[in-house]
Each structure stands twice: as C-alpha cells, then as structure tokens.
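Residue numbers (numbering that gives the first Met the number 0), protein chains in the order written: chain A, 0 to 422; chain B, 0 to 283.
Honestly, the hints are just simulated from the structure, not real lab data.
Note that this is a predicted model, so its numbers are computed, not measured.
All C-beta atoms, glycine included, are put in the ideal place defined by N, C-alpha and C.
Hints may be right or wrong, so weigh each one.
[To be verified] Pair ranges (Cβ atoms, derived):
#1 B/Tyr-147 x A/Ile-240: 34 to 40 Å
#2 B/Leu-3 x A/Asn-236: 17 to 23 Å
#3 B/Glu-243 x A/Arg-321: 23 to 29 Å
#4 B/Phe-49 x A/Glu-193: 45 to 51 Å
#5 B/Pro-188 x A/Leu-214: 26 to 32 Å
#6 B/Pro-58 x A/Gln-263: 26 to 32 Å
#7 B/Asn-183 x A/Pro-340: 57 to 63 Å
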Amino acid sequence: MTDTTASDTPILTTRDGVPLKRSIAKALRREKFRALLLVAPLLLFILVAFIAPIADMLFRSVENDIVQETLPETVVLLKDWDAASGQIPEEAVFAALAADMKIAVKEKIHTRLGSRLNYESPGISSLFRKSGREVRKLDDEAPYREQFIEIHDGWGDVNTWKTIQQFSSKYTDGYFLAAVDRQRTAEGVEPKPEDQQIYLFLFGRTFFLSVTITLSCILLGYPIAYILANLPLRSSNLLMILVLLPFWTSLLVRTSAWKVLLQQQGVINDFLVFIGLVADDGRLVMINNQTGTIIAMTHILLPFMILPLYSVMKTISPVYVRAAKSLGANDWTAFWKVYFPNTIPGIGAGSILCFILSIGFYITPELVGGTSGIFISNRIAYHISSSLNWGLAASLGVILLTIVMIFYWLYDKIVGIDNVKLG
Amino acid sequence: MSGLPPYASPLQRFWYYAFRTICGLIFFFLIFPILVIIPLSFNALPFFTFTKEMLSFDPAGYSLINYQDFFTNSDWNNAVYNSFRIAPVATLLATSVGTVAAIGLSRPHIPFRGTIMAILISPMIVPVIISAAGMYFFYSRIGLQGTYWGVILAHAALGTPFVIITVTATLVGFDQSLVRAAANLGADPVRTFFKVQMPLIIPGVVSGALFAFITSFDEVVVILFVGSSHQKTLPWQMFTGLREQISPTILAVATLMVALSIMLLTTLELLRRRSERLRGLSPG
Chain A
0 MTDTTASDTP ILTTRDGVPL KRSIAKALRR EKFRALLLVA PLLLFILVAF
50 IAPIADMLFR SVENDIVQET LPETVVLLKD WDAASGQIPE EAVFAALAAD
100 MKIAVKEKIH TRLGSRLNYE SPGISSLFRK SGREVRKLDD EAPYREQFIE
150 IHDGWGDVNT WKTIQQFSSK YTDGYFLAAV DRQRTAEGVE PKPEDQQIYL
200 FLFGRTFFLS VTITLSCILL GYPIAYILAN LPLRSSNLLM ILVLLPFWTS
250 LLVRTSAWKV LLQQQGVIND FLVFIGLVAD DGRLVMINNQ TGTIIAMTHI
300 LLPFMILPLY SVMKTISPVY VRAAKSLGAN DWTAFWKVYF PNTIPGIGAG
350 SILCFILSIG FYITPELVGG TSGIFISNRI AYHISSSLNW GLAASLGVIL
400 LTIVMIFYWL YDKIVGIDNV KLG
Chain B
0 MSGLPPYASP LQRFWYYAFR TICGLIFFFL IFPILVIIPL SFNALPFFTF
50 TKEMLSFDPA GYSLINYQDF FTNSDWNNAV YNSFRIAPVA TLLATSVGTV
100 AAIGLSRPHI PFRGTIMAIL ISPMIVPVII SAAGMYFFYS RIGLQGTYWG
150 VILAHAALGT PFVIITVTAT LVGFDQSLVR AAANLGADPV RTFFKVQMPL
200 IIPGVVSGAL FAFITSFDEV VVILFVGSSH QKTLPWQMFT GLREQISPTI
250 LAVATLMVAL SIMLLTTLEL LRRRSERLRG LSPG
C-alpha cells in the first residue's frame, strides 16, 4: 500500500497508509449502506404489503388469459380464421371447441368464460351455459358444426366467433376501452352507444365534485387560517382545538353526524321548519344527493386545507402589510397585493392535498351520496364486490391512480413530501 | 387582528365584526356536527332529532338506552374486541419499522432519498379503494385474505407514512453530534439509540404511533376487502349499520369515539408542549 503513495507527490494518507480520499469514500459508502440498511425493513415491507398488491391489480387491467386457458385448442385453430369473410369457422374449429368444452365443463370453468365474454358481447353468457349442459350429448360421428348450431344458434353467428377471436390473446385493451366508454367493433375503436356511456361521465363528475369541494375548502379555510395565524397565541391555540378535533374524529363518526343532521326529519330541517324558513311539507332534500356529498366532504377535508394555510400564514411577517399601509394602500389593496400573494404556496399545498384526497373518496359518497353523488371509487368497489368484473375495476383504478399520481408528483415538486405537516 | 384601532372608520369597524362573525360561523360548521350527536345519543326515542321533551330538558326525554344496547349487543361487543385486537398490533408494527426507517432517512448521506420517501409515503396518497382492491387480490393469492395477520399487515402499511412524517419532522431538530459524542464515549449503536436518540425523539414517535393507531382504528375500506367477518371492527360495524338500516345505537358509538379522539388530541397536545420545552432547553 505504501508504495502507491509516491514520495514525490504528497498524498494525504491515514495512519495505516490508505489514501485519505479513498478512506473517506469508503467511510461514506459504509455510512450510505448503514442508512439504507435502516430503511430496508420498511421499504421491503411496503413493497411487499402495499406496492406489490397494487402492481398486481394494475396487471389485471390488461390480463386476459381466460379464453386461452379455457379453450386452448380452439384458440389456436381460430387464429387462421378470417373474420372479415363473413363465414363462420369450419368444422375443425368446432371439433376443437367440442373437445375444449368437454374439458371445461368437467372443470366447471365454462360459465366463467361465458361471463367474462359477456362483458364484451352481451348474450354470450347464456350461450356458454346452454352449450355446457348439452356438450356431453354431442354425437362424435356427425359434424359438430351443425350440432353446435342446433344447441344454440349463437354459434352460427359470426359475431360470437369474432369476440372469441378478439379476446383470445393473452393481453387485452378491452377493459381500458370499456373504462373510457369505447368498444372495439369491426370498424375499429368506437364510442359505445350513448345509453351505455357512464364512466367518462362518472370521471367528469368525480373531477367536478372534487374541484367544488376543494374550492369550498379554500373559501371556508382561508378566513379560519387567517384568524388563527393573526390572533394572539393563547386564543388561537384554543380555537385550533376546534379545527383539530374534527381532524381527529373518525371519518365514520363525521359522516354519520351529517347523515343524521341532513335527513329530512333531521336537526337542520327541523330547525328550518321551526323558524319558518321552510314549510313542513317542503323539507329540503340534502342527503343522498350531490349536496350531501359536498357538505359532508367539505367538512371532512377542511382541516387539510386549514393546516397548510395556517403554517404558511404563520411565517408571513405582519411588517409587510404595515409597510404597505404606511405607503398609502388601503386595507383591501394591502391584503390583495401584499398579503394574499404570500399565501399562495399555502393555497396550492392545501388545494392539491384536498383534491388528491377527495378524488379517491369512497366512504362518504357511499353513505350520503345516493346515486347522483357517487364517485368513481364507488363504481370500482361495485365492480369488485358485486359485478365481479375485476378487469374493468382494475382499469378504472389505473386511470384514477394515474390522475392521483400526477397530482402527487406536482405536490412533491411544489411543496415537497418532506414538508407535509400533520397537526 | 389584535383589536380594533380607535381611529377605525365605520367601514373598517363593520368589516372587523363581519369577519369575526363569518369565522364564528365557519367554526360552528366545523364543530357543530360533532357536538350535536352527543346530546342526540341520549335520546329516549329512536329518533335522530331533538324531541320536545329533550328541548324542554325533561329528564323523561333522555335515556341511556342506546348505550345499553351498545354494551349488551354481541355484534358491537365483538366489534370493539376486534378493533382493540387489531389496532394496537398494527400500530406497534408500523411504529417500530417506521421509526427505524425515519432514522435512516434522516442520516445525511442517504442515497435515493426522494424516491424512497415517495414510495414510503404512497400508502397515504393512493386512493383507499385502490389499495383495498389490490390487497384483496394479492392477499387472496398468498392466502392472507380473511386472516388476522393479513389485516395487520394492511393496516400497518397504511399507518407507516404517518410515523415517517412525524418522526422525520422531530429528527430535523435532532443534533447529530450527540450520537457521535455517545459513540465517542464508548456506547454501541443500540445503546446510543435507546439512551440518547430515543428519549429526544419520543414525542415524534408517540404522535406517529397515535396517527397509526387512529388510521387502523378508523379504517373501514381496506378491512371490508381484506378482512373476513371474524375481523369485523367497530368502523365496519358502523358502516354496515349506516348503510343498511341506521339504528340510534350508532349515535352512542359515535359519541364514545368522539371521547376517544378528545383523549388522543389531549395526549398529542401535551406531547407537543413537552417537545417544545425540550427543544427550548437543548442548545442549537
């Protein structure tokens, strides 16, 4: 080691002769490694318990091996079939179908395929169910083609075969197309019939309601943050409790409180009737619609607006406004030209936070939203637990997640995740 | 804001009081829904509004019937039991791993800090329905769906971002030379951690733990998907109660939960004061 430290150029070395530079680099590397080692357990935990499940779900939005798994032989033969010819496939394909179906019926997976393809072409489900019942009775001597058409004339329909061919590949964009109200037809990608278009509308509504809620949070949060930041510490600390208590109260408690308050026989309607503002038979409908969702969610998200605004306003020196006033500005100009621009970072931070949180809300819209106040999350939950169309749920989820991630990224750029403050 | 100057014009005077009134109304909006359920929970009749007897403070209008139902109904009792079986364990897991990671993240030479931070905070940002759906599919694949430990893992994952945020915030004010001094005096890293670092960051750790606790204790969406009926927690029971047929017992539960949040809030406030006092004392 000592020979590398040539005597003509003085290189600093540590006591055991290692060049100082290398020694420091080594120590730094060890330090980095140690820091990473401390983070590793949590990182691993989050990756396994949280990121992997999400990645897995995202994969479901394009995954489509059900056709290939259920009808392996048919799919291979069907590849060569020309859908544009207008002719149903030839006998060989039907023979393969008979073989595949016999296995599928034995494993009881044909109905699953039927309901999967039913999302793409309504009616196929019954075709598969009926064929599943009859497939055992098929005569192996006679041509399968006629026998299948005998069982269900759906097999004689070119569109049935087109659907099977279209979805026989391992991956599909069908769920994504469905999630944006599109479908693939013979002419290419087209919008769905008007009465079936719901998702874009629902995304639009989610967006619109989130913006409305965010705006009302700004409107209500700004004065509160202002008064908290400018009152003497003793009284502002007391008032802060009024903000923090809702923040710490269970979401379900707050939602149920609003459910109780906003009912037609609830406290608010009773009060309005009592003071004579509303007739007894004209009680306001404030629940199970958009009004209910907006009121309850504004209440729930308001602390998330007030707290960042407050922490920004707290740092604005009162000297600025005083200086503006002594230079001749009136109260409004001093506020609008001097104070307000200084609070914009707080408004930005609070708004993005409120928006991110509200766009993914599920509980409150589910409980007080009725049908006109539900969000895209509720539709995703519906597809997971009721309609069992998991692929569509996943693709809706991907779109929602992408929107949220864009705003998360923005938030990180503007505010920095490190600067998130709680309470 | 501090008082109205004696030379204020009538307009200023008007605006001053108008602004205070507006703020008062907004504070009312914030706190009213939470406070109003407390008296309503003592309603003797199964209504969700004040009865005539209640308004005239007639004792006959009030009763503990809702509380009685809560404490005797086996569904609710089970839910309470499950909640207290899940939340503390999830909190312990989230807090221990989270605190260690936060210490690592606060080391000056940590590489890829931004990326790691973004990943660790993501459970707080991702819409809960997406987390729930993903966990449902993935946990059923590995056999954790519907099990106690599946729920614990899910809840701990949701709670860690809060621990990370509060502990890193406390560590910002932490003087790293204290660690070096301890090492210099011969303490090994574990001893240094427990004797030097931990006492100083404990307020951050505890408030992170409280956040993690309340996250798990309040959580309803993920558990609906990941849990089975054996893990039915209090929020789950409330959710089904609210969605199907709203029973006045919910008001009693809500009141008790408000009491719990007041307790948590008080603890947190005391911790904040303690931490401020400690920082005021420590030099630098």
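Taking the hints in turn, this is what the structure says about them:
1. B/Tyr-147 x A/Ile-240: 34 to 40 Å: holds, 36 Å
2. B/Leu-3 x A/Asn-236: 17 to 23 Å: holds, 22 Å
3. B/Glu-243 x A/Arg-321: 23 to 29 Å: This hint is violated: roughly 59 Å between Cβ atoms.
4. B/Phe-49 x A/Glu-193: 45 to 51 Å: This hint holds: roughly 48 Å between Cβ atoms.
5. B/Pro-188 x A/Leu-214: 26 to 32 Å: Given range 26 to 32 Å: violated, Cβ gap about 51 Å.
6. B/Pro-58 x A/Gln-263: 26 to 32 Å: holds, 29 Å
7. B/Asn-183 x A/Pro-340: 57 to 63 Å: With a Cβ separation near 49 Å, B/Asn-183 and A/Pro-340 fall outside 57 to 63 Å, so the hint is violated.
Of the numbered hints given earlier, the model fails hints 3, 5 and 7; all others are met.
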